[in-house]
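Engineer: Given next are the chains, with one letter for each unit.
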Amino acid sequence: MKIRRLGIGVIALAAASALALSGCASGSSDTPTGSSSAVITANGSEPQNPLIPTNTNETGGGRIVDSIFAGLEYYDATGAPQLDVAESIDTTDSKTFTIKIKPDLTFTNGDPVDAQSFVDAWQFGALLSNEQLNSYFFEDIEGFSYDEDSPLTGLTVVDPTTFTVTLKEPRADFPLRLGYSAFYPLPKSAFADMDAFGQSPIGNGPYKLASADAWQHNEKIDLVVNDEYKGGRKPANGGVTFVFYASQDAAYADLLGGNLDVLDAVPDSAFGTYESDLGDRAVNQPSAVFQSFTIPERLAHFGNDEEGKLRRAAISMAINRDEITDVIFQGTRTPASDFTSPVIEGWSDSLEGADVLKFNADEAKKLWAQADAISPWSGTFQIAYNSDGGHQGWVDAVSNSIKNTLGIDASGAPYPTFAEQRTAITDRTIQTAFRTGWQADYPGLFNFLGPLYATNASSNDGDYSNPDFDALLQAGSSTTDTAEANDDFQKAQEILLKDLPAIPLWYSNVTGGSSEAVADVQFGWNSVPLYYAVTKS
Amino acid sequence: MAGYIFRRILQAIPVLLGTTFLIYFMVFAMPGDPLLALFGDKTPNPALLERLRQEYHLDQPFIVQYFLYLGGILRGDFGTSFSGEPVSEILARTFPVTIRLAIMALFIEFVGGVLIGLVSGLRKGKLFDASALVISLIFISLPIFVIAFVGQFIFGIQLGWARTTVSSGAPIQDLILPAFVLASITFAQIVRLTRASVIETQTLDFVRTAYGKGLTRRRIIPVHILRNSLIPVVTYAATDFGVLLVGATVTEGIFNVPGVGRTLYQAIIRGEGPTVVSFVTVMVLIYLVVNLVVDLLYGLLDPRIRYVK
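These protein sequences, in sequence, are chains A and B. For the first sequence, UniProt numbering begins at 1 and goes up steadily by one. For the second sequence, UniProt numbering begins at 1 and goes up steadily by one.
None of these hints come from the bench; they were simulated from the model. Being a predicted model, the structure only gives us computed values, none of them experimental. Cβ atoms here follow ideal geometry from the backbone N, Cα and C, with glycine treated the same way. Wrong hints could be hidden among the right ones.
[Said to hold, decoys possible] From chain B, some residues computed to sit far from chain A (all C-beta separations above 10 Å):
1) Phe6
2) Pro34
3) Leu48
4) Pro61
5) Tyr66
6) Leu115
7) Ile269
[Stated by the list, open to error] Below, a list of computed lysine-lysine pairs in the DSSO-like style, where the Cα atoms sit at most 30 Å apart:
8) A:Lys365 <-> A:Lys168
9) A:Lys309 <-> B:Lys42
10) A:Lys102 <-> A:Lys309
11) B:Lys42 <-> A:Lys358
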């Protein structure tokens, strides 16, 4: 009797578990095979924001938005802009631009890709009350305001395939920016319900969403080829499935296990082994990411004066960048020789004053002693970092390098989270040097300099200000000649090398790899693979 | 019985209010502005930041935010994540996955652990017992991420018996390896607990009486020994269900399981208050229900334990 009751209980439990187990099970669909119709799988991460181009500012959403939209231009493997939707972009003064777009282009829902679709999208992206994270991209266009809702008066539709853009002041590199996602067009249907659009966007790019609910949050998104696309990024495969990984380790395990075709983020834990694991399928090349630490001018002994400059130079020369990139990063960083990145046109490793970025213990000690003669130093030199981002290793190494060379106390100052560190930096309450980094939005020298070091610029976290530097940036922006502009930007950098508002450390390399099933894997200037070019057998 | 259940459910209400309040307070007290982190190393313009703050009620004092959130829940609105997905949908998507994983793990550890513990206890001091003790000691001392990585490397990458990570939709065959890893945390505990309990029960009078009556071992072992040894094990396995739900974070991260642990971790990192609190609330609910079920199970295992009004 009792046995039977226990038995029934067990059976009921087993039945309940079986129901719970089978209830939500769904088989994974096999990827189709065959040359050009094969779908490649690539690593991604859950987009942090709805998939609206002007609201997507991180790589998780960025790689999807770039795949499903086509802008006026795209950037090829070398980072050079190529016309995509645009037929021509003309200017005579770098202030007013006339943009002609190709006729008869449509979004995947049939809405026309015309001048109006660009102007409407930009107006939407720039309007303060629309709260778009990328709104700052429109700040140079006439009519833009950070303080109140204000339409972009600088945009005029001339005819269905032509519009003009008028800037507040000349910006020579404006055409170069037009490949960035903030400048993508939007279909008319988007404006009716932007929230719904962000969950299931309709674009005009080489790929489109496989279905209206193709974005499976936290799991993956399925993209298939958009046959209507007529630009230069014609897909060589049948589609891309971005699998969202919470950790790079899981993605790497999938690459080794044969479940993933293209990986653009090798985890730190595999830095020592991935090149032997993958052989010639491994990728390790510099990218458009510049890393540094900033010493705010308001810190005692580090003002914009003789003493401050001596101390900054001494600290910079006390850091053995070669050794640290080799030992801590196992060669996945490239020691910096300027304030930009080697993948950007106009980059130079022989700027005047670049010696300050070379390890030189004797010179560092000498400069520090000269500074001490002006005003003696006491205390600890600290570099703040967020401990949720894997920075402790190099911060400790850099601190030790400074400590051992200069004979002063130096250490890292951890903040538990990235949010906390950014808050302290933005509020200007931080009382130490702090880790900074910059990933370029578009492949131009100006993008590494203007937003970071120009007086009162948006991301000038160290409150650096130098009129000579500002003037050179202005001069470079006003010219229509790229070589001339880059010349000015390099001269501007030579000023930075003297003032050192931030201490350049290294350029991040893109580390990645691919499976045996795919070929033609190239990485773009922004370290994202050119998915459209990948072929799968 | 019904009265007992009713009282237990009433007790759950203050517990739920208290935990949501505490969790909300802790998320609120997390230093740093989560919206600033949305912009990466770039500094957003203050007017835009102010507008976003208003939208997520981050400009309100803590207590106002909490009651806005509670009011939302009463209307069935759990809020939205930064990526624009309603939190209720995230809950509906991730909980079934983790519960499936937890049930599989619980099944593995309970069935495997009780069986091995029983045999060990019956053959105390023999080779099987000694090796079971040594192996369980190894499992107890290994951190779960080590077991997970080793399992993933051997069975996923080297042997190819299992997928290295769980594919979309989290089908059962993909979850077997993670379930074994998850089960390994407490599997060894159950072995040892069962073993000790079985050894103790064997010495009790009623077992000797049963042998004296001439009953066979086939009847004595399951009915007299095992059943009476299970009470501490069931208690442990029940509290363990909560541990499994939470402890799934590491396993879900390594095997990329789209479940609660992974999502909760990301929500904490991003400072998404509503998501974190909603997840914890549902977890507390599950925990309360499981504990209630276990308390009721006692009566089934040992009739002396009864809940009468």
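Engineer: Hint by hint, note whether the structure agrees.
Structural biologist: Okay, the hints, checked on the actual structure:
1. Every Cβ of chain A is farther than 10 Å from the Cβ of phenylalanine 6 (chain B); the closest lies at roughly 22 Å, confirming the non-interface assignment.
2. Not every beta carbon of chain A lies more than 10 Å from that of proline 34 (chain B), the smallest distance being close to 5 Å; the non-interface claim is violated.
3. Taking the minimum C-beta to C-beta distance to chain A, about 6 Å, the non-interface status of leucine 48 (chain B) is violated against the 10 Å cut.
4. At roughly 18 Å from the closest C-beta of chain A, the C-beta of proline 61 (chain B) stays outside 10 Å, upholding its exclusion from the interface.
5. No beta-carbon of chain A comes within 10 Å of the beta-carbon of tyrosine 66 (chain B); the shortest separation is about 20 Å.
6. The beta carbon of leucine 115 (chain B) is kept farther than 10 Å from every beta carbon of chain A, the shortest such distance being approximately 14 Å.
7. A Cβ of chain A approaches the Cβ of isoleucine 269 (chain B) within 10 Å, the least distance being about 7 Å, so the stated non-interface status is violated.
8. For the proposed pair lysine 365 (chain A) and lysine 168 (chain A), the alpha carbon gap of about 47 Å is over 30 Å, so the pair is violated.
9. Taking the CA atoms of lysine 309 (chain A) and lysine 42 (chain B), the gap is near 25 Å; set against the 30 Å cutoff, the hint holds.
10. Simply put, lysine 102 (chain A) and lysine 309 (chain A) have alpha-carbon atoms about 52 Å apart, too far for the 30 Å limit, and the pair is violated.
11. For the suggested pair lysine 42 (chain B) and lysine 358 (chain A), the alpha carbons sit about 28 Å apart, so the restraint of at most 30 Å is met.
Hints 2, 3, 7, 8, 10, counting from the list given before, are not met by this structure.
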